[in-house]
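S.K.: Here are the chains, one letter per residue:
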Amino acid sequence: MQPLLEVQDLEVCFARRQVLRRVSFSIAPGETLGIVGESGSGKSVTALSIMGLLSRPGRVTGGRVLWHGEDLLQLPPDSHRQLRGKAMAMIFQEPMTCLNPVYTVEKQISEVLMLHRGMSKKEAAEAAADYLEQVGIAEPMARLRNYPHELSGGMRQRVMIAMALAGEPELLIADEPTTALDVTVQAQILDLLKQLQAKTGMAMILITHDLGLVAENAERGVVMYAGEVVEEGSVEELFTNPAHPYTQGLLRSLPRWGEQQDMLYTIPGTVPRRLEGIAGCAFAERCPLAEERCAEPQSMHRFSATQAARCWRTKDKVGDAEWQSR
Amino acid sequence: MLKYVVRRILLAIPLVLGISLLVFGLMHLAPGDPVRMLAGREAPQEVIDSIRREWGFDKPFLVQYFTWLSKVLRGDMGRSVISQLPVSYLIKSRLPYTLKLNFWATLLGLAIAFPLGVIAAAKRQTWVDYAASAFALVGMSMPGFWLALVLIIVFAVQLNWFPTSGTGTWAHYVLPTATLGFSWAAGLMRMVRTSLLEVLKEDYVRTARAKGLREKVVLVKHALRNALIPIVTVLGTWLAYMVVGTVVIETIFAWPGLGRLLTTALLQRDFFLVQAIILMISVAVVAANLLVDVLYAVIDPRVRLS
Numbered sequence: 001m002q003p004l005l006e007v008q009d010l011e012v013c014f015a016r017r018q019v020l021r022r023v024s025f026s027i028a029p030g031e032t033l034g035i036v037g038e039s040g041s042g043k044s045v046t047a048l049s050i051m052g053l054l055s056r057p058g059r060v061t062g063g064r065v066l067w068h069g070e071d072l073l074q075l076p077p078d079s080h081r082q083l084r085g086k087a088m089a090m091i092f093q094e095p096m097t098c099l100n101p102v103y104t105v106e107k108q109i110s111e112v113l114m115l116h117r118g119m120s121k122k123e124a125a126e127a128a129a130d131y132l133e134q135v136g137i138a139e140p141m142a143r144l145r146n147y148p149h150e151l152s153g154g155m156r157q158r159v160m161i162a163m164a165l166a167g168e169p170e171l172l173i174a175d176e177p178t179t180a181l182d183v184t185v186q187a188q189i190l191d192l193l194k195q196l197q198a199k200t201g202m203a204m205i206l207i208t209h210d211l212g213l214v215a216e217n218a219e220r221g222v223v224m225y226a227g228e229v230v231e232e233g234s235v236e237e238l239f240t241n242p243a244h245p246y247t248q249g250l251l252r253s254l255p256r257w258g259e260q261q262d263m264l265y266t267i268p269g270t271v272p273r274r275l276e277g278i279a280g281c282a283f284a285e286r287c288p289l290a291e292e293r294c295a296e297p298q299s300m301h302r303f304s305a306t307q308a309a310r311c312w313r314t315k316d317k318v319g320d321a322e323w324q325s326r
Numbered sequence: 001m002l003k004y005v006v007r008r009i010l011l012a013i014p015l016v017l018g019i020s021l022l023v024f025g026l027m028h029l030a031p032g033d034p035v036r037m038l039a040g041r042e043a044p045q046e047v048i049d050s051i052r053r054e055w056g057f058d059k060p061f062l063v064q065y066f067t068w069l070s071k072v073l074r075g076d077m078g079r080s081v082i083s084q085l086p087v088s089y090l091i092k093s094r095l096p097y098t099l100k101l102n103f104w105a106t107l108l109g110l111a112i113a114f115p116l117g118v119i120a121a122a123k124r125q126t127w128v129d130y131a132a133s134a135f136a137l138v139g140m141s142m143p144g145f146w147l148a149l150v151l152i153i154v155f156a157v158q159l160n161w162f163p164t165s166g167t168g169t170w171a172h173y174v175l176p177t178a179t180l181g182f183s184w185a186a187g188l189m190r191m192v193r194t195s196l197l198e199v200l201k202e203d204y205v206r207t208a209r210a211k212g213l214r215e216k217v218v219l220v221k222h223a224l225r226n227a228l229i230p231i232v233t234v235l236g237t238w239l240a241y242m243v244v245g246t247v248v249i250e251t252i253f254a255w256p257g258l259g260r261l262l263t264t265a266l267l268q269r270d271f272f273l274v275q276a277i278i279l280m281i282s283v284a285v286v287a288a289n290l291l292v293d294v295l296y297a298v299i300d301p302r303v304r305l306s
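For the record, the sequence lines run as chains W and F. Just so you know, we're using the working numbering here: the first sequence kicks off at 1 and counts up by one. Just so you know, we're using the working numbering here: the second sequence kicks off at 1 and counts up by one.
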């Protein structure tokens with residue numbers, strides 16, 4: 001089956017600084033893909049590049065973003081624009097600042113319905129109320145007349161989701177959708193997203209720094225480090241058999257239920273600020289298992305139908321015959 | 001909304017009273033005895049005393065103030081010392097000219113500043129932006145009176161397209177309107193640009209783009225409306241600036257408005273006339289600020305609450 005979206009060797013620079021290199025992954029229709037990584041690992045930049053929302057000085061310098069097999073990066077900007085909000089929608093980390101403070105909820109949702117689904121103002125208002133109900137907002141008719149500042153953070157994120165749904169997208173990119181919310185609200189929002197996904201059949205990219213969220217909500221995961229994909233695999237593979245030392249480190253630093261721990265494990269060191277000059281593995285300087293050859297560039301080593309990692313040790317583990325590089 | 005407007009109006013009342021007290025007090029502190037001006041240099045003491053009594057100048061300051069205030073409230077602002085005409089009549093005959101000039105200048109200023117500011121912000125760091133910024137820099141650096149003189153030399157004296165001064169036809173409006181409008185537009189344009197650039201960084205602008213809206217809609221509907229909030233807040237200050245500009249421009253173009261009436265009255269120490277015009281201008285500035293406050297609430301729903 002043709003993937004819904006396929007990112008191939010995506011490279012992004014901010015001014016002259018490279019922030020994304022050889023990022024590749026794909027997502028099938030209806031699938032949920034988690035992208036995990038620390039802040040600064042390039043998760044959001046990847047999402048914005050797919051949406052065509054990268055703003056100056058950021059720009060895509062290489063690679064392809066295939067949407068139903070068509071390269072979005074080659075599309076004229078206006079054609080890419082027409083896909084936004086309709087074929088692919090995005091919700092963001094900060095529900096407090098993502099809604100326009102001077103327009104009512106109704107206006108902001110109706111806008112999508114009128115633009116992408118050709119509804120009249122009256123039809124759009126009715127449909128907007130319907131979407132508010134779908135995202136679990138009580139008294140939708142009354143809420144339509146509210147301004148964003150009159151709503152709580154959780155409510156605003158629900159409005160953002162309603163707005164994203166209004167274009168009936170095939171893909172929803174949720175960039176840290178719950179990071180800014182209270183823990184109880186977080187669970188509600190994620191349940192809502194799952195439930196809506198089951199109903200509409202849309203695919204979802206869930207971007208987060210929280211491995212737990214990926215485990216609970218995604219089928220497959222992509223682990224990013226310093227602008228690169230270091231490992232990808234099914235959620236089960238990532239959690240039971242992580243191949244890359246970075247993924248292993250991330251898992252070790254999770255607190256465990258019922259286990260006595262005086263100190264949480266931390267990965268020593270920090271994410272490198274500049275990628276230039278690092279030809280090989282960007283994680284090598286923090287990696288407890290680093291060797292000399294880690295300074296050399298390497299590709300993803302695939303060792304199962306779904307799992308692959310960018311680490312020499314992975315290659316050794318599976319043996320030369322079994323791995324294919326890509 | 002209505003509650004907000006009413007409260008703003010109520011708050012403006014003590015402000016206007018305070019201003020009137022200040023204007024009245026300042027006039028009394030200013031050198032020159034109005035009674036001697038009124039009576040003439042050679043007048044005998046009895047005449048001066050009787051005028052003093054008649055106008056209430058022999059009473060304590062506060063009594064004088066309240067007598068004056070109650071008269072002003074009834075529309076009686078005294079008589080001109082020079083022409084003996086009622087001050088209210090003089091103001092009424094000049095006010096429409098000032099209003100008309102300011103109206104067209106404001107319109108011209110807005111018509112230049114907004115499109116230029118929006119385009120400059122949208123095309124940031126391109127030649128369009130640089131050209132617009134250069135226009136703003138030149139416009140802000142040129143004093144109004146200097147621009148007025150240059151315009152007169154070029155368009156009135158050399159090209160003979162427009163008259164140098166006076167009123168009557170539309171042609172008379174061109175040069176004073178252009179002078180006032182341009183100097184105003186330059187500063188305003190810069191504000192529109194800066195404010196819009198600030199707003200374009202906001203998350204909700206990214207949301208608007210993520211919806212797939214056209215860039216024009218993103219700019220005008222989502223960004224500009226928000227950018228207006230800081231612009232409108234300083235508009236009040238700009239209006240005061242415009243009043244001052246009007247005084248100078250009216251004098252240069254011999255425009256029969258309030259500004260020129262004021263400069264003449266000041267030079268002739270026309271006590272009551274000066275007092276009345278300054279009061280009028282002050283009240284106008286307060287009223288303009290009131291209007292700005294209301295506009296502010298119209299644009300930003302968050303203001304209506306507090």
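It is worth saying that the hints were derived from the structure and are not from the lab. Mixed in with the good hints, there may be bad ones.
Pairs of lysine to aspartate or glutamate residues, derived as DMTMM-like cross-links and limited to a Cα-Cα distance of at most 25 angstroms, are as follows [what the hints assert, rightly or not]:
no.	chain 1	residue 1	chain 2	residue 2
1	F	Lys221	W	Asp78
2	W	Lys121	F	Asp300
3	F	Lys201	W	Glu11
4	W	Lys86	F	Glu215
5	F	Lys59	F	Glu46
Pairwise CB distance ranges (calculated) [said to hold, decoys possible]:
no.	chain 1	residue 1	chain 2	residue 2	range
6	F	Gln125	W	Pro29	27 to 35 angstroms
7	F	Val128	W	Gln188	23 to 31 angstroms
8	F	Asp203	W	Thr270	22 to 30 angstroms
9	F	Arg302	W	Thr270	34 to 42 angstroms
10	W	Lys199	F	Val217	26 to 34 angstroms
11	W	Glu123	F	Asp203	24 to 32 angstroms
12	F	Glu198	W	Ala198	52 to 60 angstroms
13	W	Ala198	F	Val217	32 to 40 angstroms
14	W	Met141	F	Ala287	37 to 45 angstroms
15	F	Thr237	W	Ala142	47 to 55 angstroms
16	W	Glu126	F	Leu291	31 to 39 angstroms
17	W	Lys199	F	Leu291	44 to 52 angstroms
18	F	Gln125	W	Ala142	25 to 33 angstroms
19	W	Gly201	F	Glu198	57 to 65 angstroms
Built from N, CA and C at the ideal position, the CB exists for glycine as well.
S.K.: Assess, step by step, whether the Cα of lysine 221(F) is no farther than 25 angstroms from the Cα of aspartate 78(W), and give holds or violated.
M.R.: holds, 18 angstroms
S.K.: Taking 31 to 39 angstroms as the stated bounds, is the beta-carbon spacing between glutamate 126(W) and leucine 291(F) within them?
M.R.: holds, 37 angstroms
S.K.: Given a hint of 52 to 60 angstroms, does the C-beta separation of glutamate 198(F) and alanine 198(W) actually sit inside it?
M.R.: With a Cβ separation near 41 angstroms, glutamate 198(F) and alanine 198(W) fall outside 52 to 60 angstroms, so the hint is violated.
S.K.: Confirm or reject the claim that glutamine 125(F) and proline 29(W) have a C-beta distance inside 27 to 35 angstroms.
M.R.: violated, 41 angstroms
S.K.: Please test the hint of 34 to 42 angstroms on the beta carbon pair from arginine 302(F) and threonine 270(W).
M.R.: Cβ of arginine 302(F) to Cβ of threonine 270(W): about 39 angstroms, so the range 34 to 42 angstroms holds.
S.K.: Between aspartate 203(F) and threonine 270(W), does the C-beta distance stay in 22 to 30 angstroms?
M.R.: At roughly 27 angstroms between Cβ atoms, threonine 270(W) and aspartate 203(F) fall inside 22 to 30 angstroms, so the hint holds.
S.K.: Is lysine 121(W) within 25 angstroms of aspartate 300(F), Cα to Cα?
M.R.: holds, 23 angstroms
S.K.: Range hint 37 to 45 angstroms: satisfied by the CB atoms of methionine 141(W) and alanine 287(F)?
M.R.: holds, 40 angstroms
S.K.: Could you check the hint for me, namely that glycine 201(W) and glutamate 198(F) are 57 to 65 angstroms apart, CB to CB?
M.R.: Since the Cβ atoms of glycine 201(W) and glutamate 198(F) sit about 40 angstroms apart, the hinted range of 57 to 65 angstroms is violated.
S.K.: For the hint 44 to 52 angstroms, verify it against the beta carbon of lysine 199(W) and that of leucine 291(F).
M.R.: holds, 50 angstroms
S.K.: For glutamine 125(F) and alanine 142(W), compare the CB-CB distance with the range 25 to 33 angstroms and indicate the outcome.
M.R.: Violated, since glutamine 125(F) and alanine 142(W) (Cβ atoms, about 45 angstroms apart) do not stay within the stated range.
S.K.: If you check the beta carbons of glutamate 123(W) and aspartate 203(F), does the distance land in 24 to 32 angstroms?
M.R.: Taking Cβ atoms as reference, glutamate 123(W) and aspartate 203(F) lie about 28 angstroms apart, which means the hint holds.
When held up to the earlier numbered hints, the structure conflicts with 6, 7, 12, 15, 18 and 19 and fits the remainder.
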